[in-house]
Amino acid sequence: MKYLFLTLLTILLHTGLYSQQYRSLTVAEFQSEMETMDGRPQIINFWATWCGPCVEELDHFFTLANTYHSHGLKVVFVSLDFRPANLEKYLAEKKFAGEVIYLTDGLRDPDWIEEMDASWSGAIPATLAFQPGSDLRQFHEGSFTYESLLTWLQPDLLALD
Amino acid sequence: MKRLLFTGLIMLGLGAAHAQEGYAIGAEVQDFSLKNIDGEMVSLSDFADQEGVIVVFTCNTCPYAVAYEERIIDLANSYNEKGWPVLAIQPNDPGRSPGDSYDKMVARADEKGYGFPYVFDQSQDITRAFGATRTPHVYLLQVSDGKFVVRYIGSIDDNPQDASGVETKYVEEAIEALKAGTAVPRESTKAIGCGIKWAS
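Protein chains in written order, with our numbering: chain U, 1 to 161; chain Y, 1 to 200.
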């Protein structure tokens, strides 16, 4: 009976994960979603499955999200893969449990990179941290170690005080 | 503690600003010499008798660079003879990106029959001087009174995924404007690309 329960739970969890592995949004949809996000501190990581340095730092964001979950911190992974099929395969293989958005026209829209942050050249990985409704906003182009990620983040974003 | 954090943030800010430095539109590019895939040194000044140079920071490994490889070859085929040759610079540190070693560069150029120099910026100093951050990253230089002046910075065109779906060929548009003596319609563009692999 116990095993049956565990098996069922496993199946349920997996179906749950796989059914909402990622959402496909246009840049415009994503930008308007950013404007209506709740007041929790948000971290948006721009990555792609083919990008070595991006994939290397993913675990740091999971660690951060787990560590600061009780402070309300939210992490979203925005994929800039060429094809959603590549992303889908990667997420399934890794049993990726984070929130993932696939930008359908992220490689085509010429202006959104500048709009996201004037300092962004377009190279990935890149990370945006902000809190909707406040002045807290920071952007970083390049990869992080877990230590450099913590040093980079403004303490107010982690609401430690 | 707060002050320390504040100082840290300022230093990070300076670091970020530093990363953004490099040649801007209208800047004069200093001469440099880098080793080509044939073992010979290639200098920017070798191109002084041309109308301009299409400098492309590119590599073997980045999927964007690979997606643009044929288009770089096509650019060279179209513009080498028109006074606007291609000079491709490989900026990645092979320690961090083994597929971008000098030997792999030679093999790749050989396999694809590159009709243009493909030089290696081993020290990464030239890449830093330009302020290039990703591959592929184009700097279009116009030769003017013996100087190499930056006229366009950005991507080759507006569709990395699909060459047949391109609407605007930024580099060609800029060259045609310069050849006609008119203003470059779009002097800089941004595009998603692979961050350059810096030696740590």
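Mixed in with the good hints, there may be bad ones.
What the hints assert, rightly or not - Coverage of chain U stretches by chain Y, computed from C-beta distances (three or more under 8 Å per stretch; other residues unrestricted): (1) 24-34; (2) 84-94; (3) 107-114.
Claimed, not checked - With the Cβ distance kept under 10 Å, some of the chain U side facing chain Y (calculated, not the full set): (4) W120; (5) S121; (6) E141.
For the record, the hints were derived by calculation from the structure and aren't laboratory data.
In this text, a Cβ means the ideal position worked out from N, Cα and C, and glycines have one as well.
The hint names E141 of chain U as touching chain Y; please verify it with the least Cβ-Cβ distance against 10 Å.
This interface hint holds because 7 Å falls under the 10 Å limit.
When I compare C-beta atoms, does the stretch 107-114 of chain U have three or more residues closer than 8 Å to chain Y?
holds (count 5)
How about the stretch 84-94 of chain U: do at least three of its residues have a C-beta closer than 8 Å to a C-beta of chain Y?
Violated - the stretch 84-94 of chain U has 0 residues with a Cβ nearer than 8 Å to chain Y, which falls short of three.
Would the hint on S121 of chain U be counted as holding, given a Cβ-Cβ threshold of 10 Å to chain Y?
holds, 4 Å
Any CB of chain Y closer than 10 Å to the CB of W120 of chain U?
holds, 7 Å
Given as covered by chain Y, does the stretch 24-34 of chain U meet the bar of three residues or more with CB within less than 8 Å?
Per the Cβ count (0), the hint is violated.
Of the numbered hints listed earlier, those contradicted by the structure are 1, 2.
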